[in-house]
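> Spelled out, the chains give:
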Amino acid sequence: MTIEASKRANVGHIGSCLSVADLVAALYAGVLRGEPGDPDRDRFVLSKGHAALALYGALNGLGRISDGELAEFCSEGAELSTHPEHTVAAVDFSTGSLGQGLSIGAGAALAARLQHSSRRVFVLVSDAECNEGALWEAIMFAAHHKLANLVAIVDANGQQALGKTRDVIDLEPLGRRFEAFGWDVHDVDGHDAAALVGTLNGFDTANGAPHVVVARTTFGKGVSYMEGELAWHYLPLSDAEYQRAVAELA
Amino acid sequence: MRRQFVDALVDLAADDERVLLLTGDLGFNALEPFSERYPERFVNVGVAEQNMLGLAVGLAEAGFVPFCYSIATFASMRPYEFIRNGAVLHELPVRIVGMGGGLDYGHNGVTHYAVEDLALMRAQPDLTVLAPADGDQTRAAVAATAHLDRPAYVRLEREGTGVRGLDGRFSLGRAELVGNGSDVAIVAIGSVAHEAVEAAERLAADGIEATVAVVSSFNPSPADDVADLLARVPAAVTVEAHYVDGGLGSFVAEIVAERGLDCRVVRCGVTGMPRGRSGSRAHLLGLYGLTAEQLATTAVDALAIVG
Numbered sequence: 015m016t017i018e019a020s021k022r023a024n025v026g027h028i029g030s031c032l033s034v035a036d037l038v039a040a041l042y043a044g045v046l047r048g049e050p051g052d053p054d055r056d057r058f059v060l061s062k063g064h065a066a067l068a069l070y071g072a073l074n075g076l077g078r079i080s081d082g083e084l085a086e087f088c089s090e091g092a093e094l095s096t097h098p099e100h101t102v103a104a105v106d107f108s109t110g111s112l113g114q115g116l117s118i119g120a121g122a123a124l125a126a127r128l129q130h131s132s133r134r135v136f137v138l139v140s141d142a143e144c145n146e147g148a149l150w151e152a153i154m155f156a157a158h159h160k161l162a163n164l165v166a167i168v169d170a171n172g173q174q175a176l177g178k179t180r181d182v183i184d185l186e187p188l189g190r191r192f193e194a195f196g197w198d199v200h201d202v203d204g205h206d207a208a209a210l211v212g213t214l215n216g217f218d219t220a221n222g223a224p225h226v227v228v229a230r231t232t233f234g235k236g237v238s239y240m241e242g243e244l245a246w247h248y249l250p251l252s253d254a255e256y257q258r259a260v261a262e263l264a
Numbered sequence: 049m050r051r052q053f054v055d056a057l058v059d060l061a062a063d064d065e066r067v068l069l070l071t072g073d074l075g076f077n078a079l080e081p082f083s084e085r086y087p088e089r090f091v092n093v094g095v096a097e098q099n100m101l102g103l104a105v106g107l108a109e110a111g112f113v114p115f116c117y118s119i120a121t122f123a124s125m126r127p128y129e130f131i132r133n134g135a136v137l138h139e140l141p142v143r144i145v146g147m148g149g150g151l152d153y154g155h156n157g158v159t160h161y162a163v164e165d166l167a168l169m170r171a172q173p174d175l176t177v178l179a180p181a182d183g184d185q186t187r188a189a190v191a192a193t194a195h196l197d198r199p200a201y202v203r204l205e206r207e208g209t210g211v212r213g214l215d216g217r218f219s220l221g222r223a224e225l226v227g228n229g230s231d232v233a234i235v236a237i238g239s240v241a242h243e244a245v246e247a248a249e250r251l252a253a254d255g256i257e258a259t260v261a262v263v264s265s266f267n268p269s270p271a272d273d274v275a276d277l278l279a280r281v282p283a284a285v286t287v288e289a290h291y292v293d294g295g296l297g298s299f300v301a302e303i304v305a306e307r308g309l310d311c312r313v314v315r316c317g318v319t320g321m322p323r324g325r326s327g328s329r330a331h332l333l334g335l336y337g338l339t340a341e342q343l344a345t346t347a348v349d350a351l352a353i354v355g
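Protein chains in written order, with my numbering: chain A, 15 to 264; chain B, 49 to 355.
Calculated from the structure, these hints are not laboratory results. You may find that some hints are simply not true.
As the list claims (entries may be wrong) - Which bits of chain B does chain A cover? Going by a derived footprint, with three or more residues having C-beta under 8 Å, they are:
(1) 134–144
(2) 217–227
Unchecked claim - Derived contacts from chain A toward chain B, CB cut-off under 8 Å, selection only:
(3) 118
(4) 125
(5) 194
(6) 196
Yeah, the Cβ is synthetic: ideal placement off N, Cα and C, and Gly gets one too.
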């Protein structure tokens, strides 16, 4: 779906979408509870908003975004752009500027506690997003207030806009950093749906520390010539590349 | 002004259980009436204004009305993009409360002068801006916007002394008039409305009849009220503890230009970054031509220009 829509709209961010496509699909298929509009539904914040296509794909799979709406992706006047907006009924929060989503999620988690609701809040951040200082404000706040109903998932694909994360701003040891800030840390293969669902549903979300899953992922997952290749943060697909990608993913 | 704000907030919280108060670790000797009465609805988020404004989005989406308190510079500028992509984009009833608008923190130096907050905030079309002129108007403004279903920025100042003739009047999107002279208009925002009214009194003593328009809100715009006044005077002096660009002075100039009014505008306010300039409020007002005496002189000079 990501490949098709990117090709049709002639836009990039394909690698970033493919690294979380399995993750977002797993969240919607087996983790997030409640329908859009239900105040007690679990909330989801795609803090790495540039992976919107992965979100649209999952929502399309659930019928919350129609095929027709998806076909309009990035067309003139389209509601679906390369970053998600809450004006789409199935999208909880608008995102696109990195480093803001975890604060929103922490607020949503605090709200749930104040309202004595058992709903949970899931926030998907990118690893490079952890360069943003404000993210660590939210990390400290959530730990201090023991927001056990808050789950952060870090898409650890090791890739950022101008290079490898280890070469730009080294984030490792990422899990231990979260641990030092008071979070409950789990390392999971970000392409193993069963492991993801099991881990995410297994948390004590009533008491204790907030949870973070460091999801080890492959940038451009599933398309051999994209995997780990920076250019696919930007490039749209040529006809030949599109055919090859579709063949590999089939 | 802050005391009346906190009193009004305590009253509001009694009627509306959605009201929460967040602070970026500021408000000693000020916020206690709220925090002691509603400890479970009060959160000190620490020195982290960006996170505070992000939290507010998650809270407001779930039905709360979070008030986010800090010094005006830190409440407005540090988290500006969080405000824009958060409460404004999502159209949520978040309240951003900036204490010490203008030159209030005079001895703290330039990092504490909020002289561009109105420009930044009024640039967001879906963000209501409240800048009361005194304590009574602060109370009225909080009450008038209690059920506003969109975000608001509240610019508070230390000075709470009543502006003569204003009598605590406040209507959202309106300008409140003091006096009804046709010789010159003085358009003021914030506590310097006090100086503006005193300037009008000085002018009256010299036979010049002024009307003072106190602007206390943007978005919705009080442009119609201001235009009605400017259409019947040859000159207007704008008065603000803020840069003359982007705030009230620009607002008035926009009205005159867009409506083709025959009114000369003279803008009084802060010009140039006030680096290395600290002092009392009175000292700083004098530095920028904002004392009553200076404003009266400026009005006389403006009338001389237009003949």
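> Check each numbered hint against the structure and report the violated ones by number, ascending.
Going through the list in order, the structure violates hints 2, 5, 6 and respects the others.
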